[in-house]
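Protein chains: 2
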Amino acid sequence: MKKQISAYLAEHKDEAVAWLSKTIKERSEQGLEKGVQKLVADRLEMIGLEVTTYEPGGEEFINHPYFCAGRTDFTGSPNVIGVWKGTGGGRSIVLNGHVDVVPAGDLKDWDDDPFSGAVRDGRVYGRGATDMKGGNLSSLLAIQALKKTGCKLKGDVVFHSVIEEESGGAGTLSAILKGFTADAAIIPEPTNMKIFPVQQGSMWFKITVKGKSAHGGTRYEGVSAIEKSMVAVNALLQLEKKRNDRITDPLYRNVPIPVPINIGKITGGNWPSSVPDIVVIEGRIGVAPNESLEMVREELEAAMNELDDDWLKIHKPAVEWFGAQWLPGAIKTDHDLTKVIMKRFEEVTSSAPVIEASPWGTDGGLLTNAGSTPAVVFGPGVTGLAHYHNEYIEIAKIMEAAEIIALTILDWCGVDEIEGD
Amino acid sequence: MKKQISAYLAEHKDEAVAWLSKTIKERSEQGLEKGVQKLVADRLEMIGLEVTTYEPGGEEFINHPYFCAGRTDFTGSPNVIGVWKGTGGGRSIVLNGHVDVVPAGDLKDWDDDPFSGAVRDGRVYGRGATDMKGGNLSSLLAIQALKKTGCKLKGDVVFHSVIEEESGGAGTLSAILKGFTADAAIIPEPTNMKIFPVQQGSMWFKITVKGKSAHGGTRYEGVSAIEKSMVAVNALLQLEKKRNDRITDPLYRNVPIPVPINIGKITGGNWPSSVPDIVVIEGRIGVAPNESLEMVREELEAAMNELDDDWLKIHKPAVEWFGAQWLPGAIKTDHDLTKVIMKRFEEVTSSAPVIEASPWGTDGGLLTNAGSTPAVVFGPGVTGLAHYHNEYIEIAKIMEAAEIIALTILDWCGVDEIEGD
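Order-wise, the sequence lines are chains A and B. First residue of the first sequence: 1, per UniProt numbering; consecutive thereafter. First residue of the second sequence: 1, per UniProt numbering; consecutive thereafter.
Just chain A, same shape as in the assembly (with noise of 0.2 Å):
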């Protein structure tokens, strides 16, 4: 069996990378999903599965606790969810990944056309070639190589094609909530081949902190929104450091900062001569495995309120939540998953595999909290390059996570040997 998908998925190599290209070329920022998900409806179609196309939506949904996105109707941008029914008695498993990728940012940055999907030296360019096309073909091509070469398995495979994940995720949530659970999924984001059990979740905040105009030159009359703010940034690192310290899961032994509080954005005053009477700071805060949103937001705003500042404790900063957030998600470590993907990847790539916290949310949170599908993130692809202007996928570990995937399926799901011949 092992050697049939090997054989198998070096035979279907080349056709592969060919159709991962054509779903680079069909770019699928948020809003423009439509025309890949067509490609992967046709390619699960192609592999034999039982294919949903819809576009997710219902008041449970947009009312879900959990439920974070820009926008409220999904016209034009659909799931496609597959579904490989087992014989039975097996557990049942889904493959997650989203095909909305980020924007291009800036072209003069990049080498190429964005979306060009070119090939060269063993690699695939273009956006979204690593966040998360290159995985998702991996879970596509372990799919199809169980199928093609006659295996039958016990348990479900469920493959979730999803949009929305880079703006919070609604949509794994919907197909959380139209039953496409699992006992397991397994999220083949770029971890560089290493294995997430346990999955950092986030939140963005605004803060926004208020001064009092005067002139420049009379600046004594005013207050600084600038100097106040800086009250504010050091309380956030205070905060984090606080949070920090009682972090003891030794999956982030060697992470210096598990949890960041990240100042990303900071915007205030208007004019050079004028005192600022507004500064407003957007950051990103890390959600620990064993904390709930609420709980950190609670904290966030505690911070707020209690400055050590005789300005800012009449004139409290407003903290907003806003924009994207991800649940934070974690699977034991000895979880039966966890140690079969470690199996199967020592078998594979004859070397340890790296067992560590992912420093960012993926869509795993919801599927482990929300969807009762503990998940664990693995997969071919480096984070660095997501997000980046020359966005690329090396295909040899797309190769190689299809190969481990697909090996991980048959243990987890199991085989029906009577009607395997």
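Hints were generated in silico from the structure; no laboratory data involved. Please read these numbers as outputs of a predicted model, since none were measured by experiment. Treat the hints with care, since some could be wrong.
Any copy will do: because identical chains look the same in the list, a pair fits if it lies in one copy or spans two.
Said to hold, decoys possible - Derived pair list, reagent style DSSO-like, types lysine-lysine, alpha-carbon separation capped at 30 Å:
1. K212 with K2
2. K108 with K212
3. K210 with K108
4. K242 with K210
5. K108 with K316
6. K212 with K194
7. K13 with K85
8. K210 with K241
9. K22 with K339
With the hints as your guide, set chain B onto chain A.
Just chain B, lined up with the frame of chain A:
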């Protein structure tokens, strides 16, 4: 003579107020000064002065070390100069004022149209009323009252109606280079009837602090330009303290920070979950009367070169000087012009004058330093209303200032009694 002047002013108040209203309706933001300058030229002709209307230009002007403007082509933006030649043997005086006004800003903040020129409750409303069309009217009325009541002055009176004060004084610089200087000058900027023999200069700076980008989830891989900008801000506050500690001029006795460093604007980063790699700070540094602009530039640049931070020692912030600048100005408290204004103030208002140092720059710095024309700033109107919405000026103060200025001119220029009959 004094009674005649007082009576003349009272008689001509209504006409003058109507004219002021007209000059406010004739909006004169940068580039739009032509219309109001025509009104001024006509009034100077009516009073009986020799009028020169010309557009500033020429190599000497554009390349002058004190030239500071956002443009080098002043087509359509004339200066207007009126000269009243004395009979000889007296001291000459410049009455300088600018016609350019700052933009109205957000129209929603205004109760009326910003260029209404509305007259009600003893006030004239609109952009430029206080800064400084009202003060200019005081000067014009002073000259008109002297001339029309038949007074023969020994010294020359030179009236400057200049452009570009709000962006660094190019209009006044041009008038100086054209030779329109005198033994002293009065500038009726809105001092709220205080006498400012000393004026703070100022310059605008821009400081760019660099960090290193990274994903917010692994922010320890980057260097936050926001955190590093706080080091720069703190150093600016320390520099401000050091600079002000050495100021001993008793005119600054009641000023908490004689020459402030105002940090007016901060912008940095572009994504909540990325480590910001650039922060730009814009501000204004006050220049003390005894300082040169060059000295102050060097001191601030040195402070940014010597920051106590390992990263910033290598990645030194870049300092740029941009936008407007105003030279400081100083004339002795016991200068004869100051003494004359003080005496005439007491006479007209029956109260003691307040002598202070101005918290902002005017064209007085240029007149004093580049034009050898020591300038005192004294005028109606309140600084707090300049550059703000619902700007207005009190008519009674315009008339009071006109009388004080007329009597000051009498004393300063001297009266030729023989020809005065």
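Q: Evaluate K210 and K108 at a C-alpha cut-off of 30 Å and name the case that applies: within, between, both or neither.
A: This pair counts as between: shortest inter-copy Cα distance 21 Å, intra-copy 37 Å.
Q) When no copy is named, should K22 and K339 be tagged within, between, both, or neither for a Cα gap of at most 30 Å? A) neither (35 Å within a copy, 86 Å between copies)
Q: State whether the alpha carbon distance between K212 and K2 is at most 30 Å within one copy, between copies, both, or neither.
A: Close neither inside one copy (70 Å) nor across copies (46 Å); limit 30 Å.
Q: Pop the pair K108 and K316 into one bin, within, between, both or neither, using alpha-carbon distances up to 30 Å.
A: Between copies only: 27 Å across, 42 Å inside.
Q: Tell me, please, which holds for K108 and K212 at an alpha-carbon limit of 30 Å: within, between, both or neither?
A: between (41 Å within a copy, 20 Å between copies)
Q: Could you place K242 and K210 in one of the four classes (within, between, both, neither) given a Cα distance threshold of 30 Å?
A: Intra 26 Å, inter 27 Å, cutoff 30 Å: intra and inter.
**Q.** Same-copy or cross-copy closeness of K13 to K85 [CA-CA at most 30 Å]
**A.** within (26 Å within a copy, 96 Å between copies)
Q.
One pair to classify: K212 and K194, alpha carbons no more than 30 Å apart. Within, between, both, or neither?
A. between (50 Å within a copy, 25 Å between copies)
Q) Quick one: K210 to K241, C-alpha cut-off 30 Å, is that within a copy, between copies, both, or neither? A) both (25 Å within a copy, 24 Å between copies)
Violation of the numbered hints given earlier is confined to hints 1 and 9; the remaining hints are satisfied by the structure.
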